[in-house]
Amino acid sequence: MKRLAGLIIVLLIVLTVSCYVSRMVPPQKNLHPLGEFYLQNSYFGRYSAKSPEAVTSIVWDYRGVDTLFETAVFFLAIIGSLTLFRLNKGQAEEAKRGEPKLELPGPVATVTKVTVAMILAVSASIALHGQLTPGGGFQGGSALAVAPLLIIAVYTKYALEKNGLDKTRAIIIRSIGLLGIALTALVPLLLGGYIMQNQPIFPAKALGVPLGGSLVFYNFFEYLAVGAGFTAVFLLLSIPEEKFRKFLGVRR
Amino acid sequence: MIAVHLAILSITALIGLVFSYLAITERDLLKAVAYSAVQAIAYAIIFYLLMAPDIVLAYVAIAVGIYSALLIFVIGKTGRYEVV
Amino acid sequence: MILLLWSFTLISLLATLVISVYGIVAKPNLVKKLIALTIFGDTANVLMVLLGYRLIYPVVPPILPSLSKTALGEFVKTAVDPLPQALVLTAVVIGMAVNVLIAFAIVQVHRLYGTVDARKVGEMLAAFGRGEK
Numbered sequence: 000m001k002r003l004a005g006l007i008i009v010l011l012i013v014l015t016v017s018c019y020v021s022r023m024v025p026p027q028k029n030l031h032p033l034g035e036f037y038l039q040n041s042y043f044g045r046y047s048a049k050s051p052e053a054v055t056s057i058v059w060d061y062r063g064v065d066t067l068f069e070t071a072v073f074f075l076a077i078i079g080s081l082t083l084f085r086l087n088k089g090q091a092e093e094a095k096r097g098e099p100k101l102e103l104p105g106p107v108a109t110v111t112k113v114t115v116a117m118i119l120a121v122s123a124s125i126a127l128h129g130q131l132t133p134g135g136g137f138q139g140g141s142a143l144a145v146a147p148l149l150i151i152a153v154y155t156k157y158a159l160e161k162n163g164l165d166k167t168r169a170i171i172i173r174s175i176g177l178l179g180i181a182l183t184a185l186v187p188l189l190l191g192g193y194i195m196q197n198q199p200i201f202p203a204k205a206l207g208v209p210l211g212g213s214l215v216f217y218n219f220f221e222y223l224a225v226g227a228g229f230t231a232v233f234l235l236l237s238i239p240e241e242k243f244r245k246f247l248g249v250r251r
Numbered sequence: 000m001i002a003v004h005l006a007i008l009s010i011t012a013l014i015g016l017v018f019s020y021l022a023i024t025e026r027d028l029l030k031a032v033a034y035s036a037v038q039a040i041a042y043a044i045i046f047y048l049l050m051a052p053d054i055v056l057a058y059v060a061i062a063v064g065i066y067s068a069l070l071i072f073v074i075g076k077t078g079r080y081e082v083v
Numbered sequence: 000m001i002l003l004l005w006s007f008t009l010i011s012l013l014a015t016l017v018i019s020v021y022g023i024v025a026k027p028n029l030v031k032k033l034i035a036l037t038i039f040g041d042t043a044n045v046l047m048v049l050l051g052y053r054l055i056y057p058v059v060p061p062i063l064p065s066l067s068k069t070a071l072g073e074f075v076k077t078a079v080d081p082l083p084q085a086l087v088l089t090a091v092v093i094g095m096a097v098n099v100l101i102a103f104a105i106v107q108v109h110r111l112y113g114t115v116d117a118r119k120v121g122e123m124l125a126a127f128g129r130g131e132k
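Chains as they are written, first to last, in numbering that gives the first Met the number 0: chain A, 0 to 251; chain B, 0 to 83; chain C, 0 to 132.
A few of these clues could be false.
[Unchecked claim] Here are the computed lysine-lysine pairs in the DSSO-like style, where the Cα-Cα straight-line distance is at most 27 Å: (1) A:K95 <-> A:K245; (2) C:K32 <-> B:K30; (3) C:K26 <-> A:K245; (4) A:K1 <-> C:K68; (5) C:K119 <-> A:K242; (6) C:K119 <-> B:K30; (7) A:K204 <-> C:K68; (8) B:K30 <-> A:K245; (9) A:K242 <-> A:K161; (10) B:K30 <-> A:K1; (11) A:K95 <-> B:K76; (12) A:K88 <-> A:K100; (13) C:K32 <-> B:K76; (14) C:K76 <-> A:K1; (15) C:K76 <-> A:K28; (16) A:K88 <-> A:K204; (17) A:K161 <-> B:K30.
It is worth saying that the hints were derived from the structure and are not from the lab.
Extracted from the complex, chain A is given alone in its bound form (with noise of 0.2 Å):
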């Protein structure tokens, strides 16, 4: 009851506040110029990254270095979590070793094969199409990385790393995307060129499509780091909570 009455008395000072801030809220009717000026720029104009997709564009080729940063503040996000549940080589092994759940209703198996084939099919499109429609590196990875939640919600984790998706092997994945992120930025530098540049040096099309010069290598990539990364810290997680504490030693 007391929730309830908070809540009346929040909406009624919401409906206060905005009908006093109406009179004064400007009307955003028009483009800031950075923003035109990508849009303009994004597919044709002389500083254009050939890709239709102008948040792409921004993302990899005009914002380039900023989301090269994120993409290390990611990196240092996983390994901080990776280091707090470290195990040596015996617990490891120990923490692998248990039996999937395999006798499921009929219905269940079916209906999680073939979503996971989907999730992998639709992750796969929206990454490697990213500089054509909507879609990237890091939507296509986050969706990836639904999958092998699904498997480990129904099958237990034992199920993956039966089939060889280890923690080793996730981090590895991950390693040659994050490699090939700052490969793909260095390679200008060979060829006498800026940090991160784009077009005169990346193909702009190939067979007829647009492949928007590097914007497809950095998609790619950064898919496989993104997916893999939360692999291995949601397989880390589902290890049940009794081995950790055997590990530990805790008592309570």
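Put chains B and C on the given structure of chain A with help from the hints.
Only chains B and C this time, still in chain A's reference frame:
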């Protein structure tokens, strides 16, 4: 026509406000996660109405899928009820 | 009418921001603090995208509909600003990774102290500092 668009936008923002209030005042943490997932769906609709399809693609997977699963794992490892 | 609806959207998002700050500050449970922190981050992201919106009717996303130069003029007249969207896009995913780190820290606190109540953890830390136990 623009008024209809903005009316849907403001109603969705209101739903986000109500459900985040419920999520923060709730004692049962699992229910709080469910309320915050509803708030995330409302925000995904807001992003769609604000003409940001890129963010919708990332936000739906992150906020409804990964984030809810993460919090359910954490609640399973710590404790379900909040003591005040 | 249009400005009233627009300011109602703005003010309810700001109110969500205030409520989530209350949740971060006042609730003792660390998991509840994490939920409030996530709501805070999401609301800040929505407010950031609102900066780039335009109050006109035929409004389109910042993606070129066809690869011809004649469509460009009409497109620039109706498209929203892409820059806030690009900044928010990375912030959503990176914010999730940082939340994962915070969640792992909370689980570790629960393993070491047996509780996720910030007040009890503070007391136990103080007792530990005085040399008891």
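Hint by hint, which ones does this structure get wrong, listed from lowest number up?
3, 4, 8, 14, 16, 17
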